[in-house]
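Following the hints, position chain B against chain A.
Here's the letter readout for the chains.
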Amino acid sequence: MSELAGAGAGDADTRAIEASPLGPVRSQARFWRLKSFARDRGALVSGVLLVAVVLAVVFAPSIGRYGPDDADNLARYAPMGAGGHLLGTDQQGRDMLARLLFGGRVSLLIGVVPTLVAGAIGLGLGLVAGYVRGLVDQIIMRCLDVVFAFPMVLLAIAIAGSMRPGVLTEIIAITIVLVPYFARLARTATEGVVPMPFIEAARAAGGTRATIMLRYVLPNVFSPVVVYATTLMGLMIVVGSGLSFLGLGVQPPTADWGAMVAEGRVVLRRAPHVTILPGCAILIVSLAFNFLGDGIRDALDPRTIRR
Amino acid sequence: MGAFITRRLVGVLPVIVGVSIVIFLLIQLAPGDAATVLLGPQATEAARQELRHTLGLDQALPVQYFAWLVRTLSGDFGRSVATQLPVAALVLPRFVNTLILTLGSLLLAIVIGYSVGLFAALRAHSLFDRTSMAVALLAGSAPPFWLGLILVLLFAIQLRWLPVSGMQDIAGNGGALDVMRHLVLPAVTTALGPAAIIARIVRSSVIEALGRPHVRVARAKGLTRATLIKRHVILNALPPVVTITGLQLGYLLGGALLTEVVFAWPGLGSLLYDSITARDLPVIQATTLLIALAFVLANIVVDMINAALDPRLREA
Chain A
1 MSELAGAGAG
11 DADTRAIEAS
21 PLGPVRSQAR
31 FWRLKSFARD
41 RGALVSGVLL
51 VAVVLAVVFA
61 PSIGRYGPDD
71 ADNLARYAPM
81 GAGGHLLGTD
91 QQGRDMLARL
101 LFGGRVSLLI
111 GVVPTLVAGA
121 IGLGLGLVAG
131 YVRGLVDQII
141 MRCLDVVFAF
151 PMVLLAIAIA
161 GSMRPGVLTE
171 IIAITIVLVP
181 YFARLARTAT
191 EGVVPMPFIE
201 AARAAGGTRA
211 TIMLRYVLPN
221 VFSPVVVYAT
231 TLMGLMIVVG
241 SGLSFLGLGV
251 QPPTADWGAM
261 VAEGRVVLRR
271 APHVTILPGC
281 AILIVSLAFN
291 FLGDGIRDAL
301 DPRTIRR
Chain B
308 MGAFITRRLV
318 GVLPVIVGVS
328 IVIFLLIQLA
338 PGDAATVLLG
348 PQATEAARQE
358 LRHTLGLDQA
368 LPVQYFAWLV
378 RTLSGDFGRS
388 VATQLPVAAL
398 VLPRFVNTLI
408 LTLGSLLLAI
418 VIGYSVGLFA
428 ALRAHSLFDR
438 TSMAVALLAG
448 SAPPFWLGLI
458 LVLLFAIQLR
468 WLPVSGMQDI
478 AGNGGALDVM
488 RHLVLPAVTT
498 ALGPAAIIAR
508 IVRSSVIEAL
518 GRPHVRVARA
528 KGLTRATLIK
538 RHVILNALPP
548 VVTITGLQLG
558 YLLGGALLTE
568 VVFAWPGLGS
578 LLYDSITARD
588 LPVIQATTLL
598 IALAFVLANI
608 VVDMINAALD
618 PRLREA
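Top line first, the protein sequences correspond to chains A and B.
Residues in the first sequence are numbered from 1 upward in steps of one, following the working numbering.
Residues in the second sequence are numbered from 308 upward in steps of one, following the working numbering.
So that you can see chain B by itself, here it is in the shape it has in the complex:
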C-alpha cells in the first residue's frame, strides 16, 4: 500500500505543474495587459509601468511563469485588485467554509444515494423503485442552482422552516447548531444531483450482485434475507459505487460553487463570483488553484479507498 501511495503521489506532480501553468495563463486571457488587470482601470500609467517591471511583465512568458510560481509557492498570491488585501488572507477562511459545505453534501449524497438505491434494488419494479428512480432522473438533470432556489421557495419562504441564506444568524453567536441549520438547504441542493446518480448506480449494482452465483448458494444454504444482504450483497456491490462517488466529487465541487452563490454561503464559490464581477484576477487565480489542488488530493484519497477495497488495483 505504501508503494502504491508513493507511486500515485509522484505521478500527480506533473499534473500539478500543468494545473499551475493553466492558472498562470488565465491572466493572459483577460482583456488588456496584466498590469491594467491587476491595478484596475483607475491606475496611472506610471504605476502600471512600475508594476510591469516589478512583476517582470516585460520579460518572456516562461520567465514570468517561474517568477509567479516562486511567489505562489512561498504563499504570496498577490493583492486583491478590489480590496487591496493580501489574497491569501482572503482565500483561506473561505476555503474552510467551502470544505464544510462540500463534506456535508458529500455525506448527504452518499447516505441518500446509497439507501435509496439499496431499497429500490431490494424491491425492484415496486412503486418505491419506480418513483424514486423517476425522482432521481429529474434531480440528476435539473440545474443545481435552480433546484436550490426551488428549495428556498418551499422550505424557507413558504414553510419558513429554514433560513434563506448565509452561514450564521446576523449576530453570529448561534454556534455550531446555527451553522447546521444554515447548512441544510445548501447541502441538500448540492447533494441531490450526485445522490441521484449514486442511487442509480447502487440500484443496478445491487441487482447485479443479487443474481450472482455465490448469493444463490448462500440462499440455498438457508440464510435469512437480512444476513444474506448484509454479508453477501452490500459489500460486493461496493466497489463500483466508490468509483462513481469519486467521480461525483468534481460535480459536487462545481455544484457547491454555484450553490454558494444562491445561498450567499461565504465560501470560495461566492468569493469567485464576487471576484469575477470585480474582474479581480489574483483572487480568481488563487481560488481556482486551491479548489483544483483539493480536487486532485481528493481523487488520490478515492484511489486509496478503492485500492484498500480491491487489492487487484494496487498492482496496476
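Just chain A, with the same shape it has in the complex:
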C-alpha cells in the first residue's frame, strides 16, 4: 500500500513522510494514516456506531425480552415505550426492537457480503484486464459494458425476480450488478501501476506474470478497491432493502429492514412507527458506511494527510 502513497509523488506531505529520518517509511506512513483517521470525527463515530450495530445484531437473542416472531394479539400497534416494548409493536403485536435487531442480521448480510464477493471478483477481473491487455481485456470489458447498460437496481430486480425469492437470491443478484464497478476501478488502478519502475524491475529480475500481478500490482490496486467497497456498502444496504421491500428477499415471518418497511406500509395511518423505524435503521447504517468510506479514503490518500 505504501507504494501507492508514493504514486502521488510530488506532493509535499508525501515527500515529507518519505524523507523523514525517523524509522522505516512504511510504519511512519501507516502511523500518519491512523492518526488522520482518528482525527476525522465523522468517520470515527461511524466506525464505533457500526461496531455497536454489528454487536447488537449478533447478540440480538440476549437483548430484550421478546423474540422477533412472538405475536401478541393483545399488544398490537403499541406505540414506542408502551407495555415494556421500547420501540412499540407492529400489527401482529410483535416487538419492534427484537424485529429490528434480528432483521438487521439479514440487512447487514445483504449489504456486506455481495460487496465483498463482488469486490474480490471485480479486483481479479480488473487486474487481469489491466495487466494482460489485448484480447482478454477487450472480452472482459465488453462483457462488463453490457451490465453497465442496465440501471443497477433494474438488473438486480430482474435477476432476483426471475429466481426463487430468498437471501441467497438477493446476494447473487447484487453481486452480479456490482462486479463491473469494481472491475473498472481495478483496471484503471492497474493501468496506473504497470508503467512504474518497480514493475519493470520485477520483470527484469525474471518475475513471472502471475508473480508480478499478485506480489507487486495487487497490493497497489487493493486500497482504492477497499475504499470503494466501504462506500458502496452503504448504498448496497439501501439497494438490498429495496429488493426486500419488493418481496424478493427473506420470506415472512422472518424480515429484514426493507421487508419491515413493506409490512409497515399497510398500517401507515394506524402505526407509522412500524414504517419509520426500519427506514431510520437503513438510513443510519448507510450514512455510517458513507462517512467511514470517506474517512478511510482521506486516511489513505496522501494528499489529505494532516499533522
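Be aware that a few hints might be false.
To be verified - Cβ-Cβ distance ranges computed for the label pairs, FRET-style:
| # | chain 1 | residue 1 | chain 2 | residue 2 | range |
| --- | --- | --- | --- | --- | --- |
| 1 | A | Ala204 | B | Ala374 | 25 to 33 Å |
| 2 | B | Ala389 | A | Asp72 | 56 to 64 Å |
| 3 | A | Val132 | B | Ile312 | 28 to 36 Å |
| 4 | A | Pro253 | B | Thr313 | 55 to 63 Å |
| 5 | A | Ala204 | B | Ala527 | 48 to 56 Å |
| 6 | A | Pro253 | B | Ala350 | 41 to 49 Å |
| 7 | B | Thr313 | A | Val226 | 22 to 30 Å |
| 8 | A | Ala71 | B | Val403 | 41 to 49 Å |
Just so you know, these hints were derived from the structure itself, not from any lab.
The C-beta atom is built at its ideal place from N, Cα and C for all residues, glycine as well.
Positioned in the frame of chain A, the structure of chain B alone reads:
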C-alpha cells in the same frame, strides 16, 4: 457532430446485443423449465410439450436465442402468463406513464439540485450552506421507497394536501391538472436522491470556478457580482454537472421503479412488481428490455449534450 453521433450509435450495437442475451437468459434462471414458467403451474403436460416444440425449447440454446430475438424484433413479446394478453399491449401504455414520472423527476432533480448547489456555493460555510448540505447527505443516503412513505405520511395523511397514490382520480376525468397533482409526491420522492448528489457536485464545481484566474480578472475589471456569476461562473461549472446528471439517470430510473410501487403509479415499475409476484417471466423480460433500451438511448443523449458543451469530447 454528425460523425460523433454515428460513431456512438454504431458503438452501442454490440451492447444492445449483449443486453438482449442477458434478458433472454433470465428465463434460464427461473426455477423449473421455460414451458412450465410460461404456461403456469396449472398447464397440462401435453400443452407444455406442445409449447416446448413451438418455442423450440428442445433445441440448442443459441438456436432458441435467435428464434426469441426474431420474435422480439418483430414486436412479439409473447403472452403474459398471468393475464394471457399480448405482452406488447400491456407494456407500451405503462412505458408512457413511466416516462412521465421519470422526466418529471429528472426536471425536478435538476432544478432543485442546481439551485440549492449554486446558492450554497455562493454563500459557502453560511447557515444555508451547512443546513442544505446536511439535508442533501440525508436525502442521498435514505432509501427512496421509505422516503416516499414518509412524504405520504406528512403531505397526504397528516396535511391532506396531496393524494396518497394513483395517477388520476377514480373517475379519471381530472385531466392533466389532476395528473400533475398525483405526480408531485412520486416525482419528489424519486428526485430527492439525485437532487442531493447534483447539489453537492454543483456546489463544489461552482466554488472551484469562483477561484479560477479568469474570474479573478473579471472581478478586477469591476464586473458586478451578478454579471460575474451569470457570465463566468455558471457556464464554466456546467460540464461536470451534466456528466453527473447523466450518471444519475440510472439511479433515477431504478428509484422510479420502486417509487411506482409505493405510489401505485401505473408504470413499468409497478408492472414489474406485479409480474414478479405472479412469476410472469415474459412481462419481466419485456419490461426489463424496454427500460434498458431507454437507458442506453438516454446515455447517448447525455453524451451528445456533453459533446455540444465541450468540443474536445467530440474528437475522442
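How the hints compare with the structure:
1. A/Ala204 to B/Ala374: 25 to 33 Å: Violated - the Cβ-Cβ distance for A/Ala204 and B/Ala374, about 55 Å, lies outside 25 to 33 Å.
2. B/Ala389 to A/Asp72: 56 to 64 Å: Given range 56 to 64 Å: violated, Cβ gap about 37 Å.
3. A/Val132 to B/Ile312: 28 to 36 Å: holds, 33 Å
4. A/Pro253 to B/Thr313: 55 to 63 Å: holds, 57 Å
5. A/Ala204 to B/Ala527: 48 to 56 Å: holds, 55 Å
6. A/Pro253 to B/Ala350: 41 to 49 Å: Once the Cβ atoms are compared, 32 Å apart, the range 41 to 49 Å for B/Ala350 and A/Pro253 is violated.
7. B/Thr313 to A/Val226: 22 to 30 Å: Given range 22 to 30 Å: violated, Cβ gap about 41 Å.
8. A/Ala71 to B/Val403: 41 to 49 Å: holds, 44 Å
In summary, the structure is inconsistent with hints 1, 2, 6 and 7 from the numbered list given earlier, while agreeing with the others.
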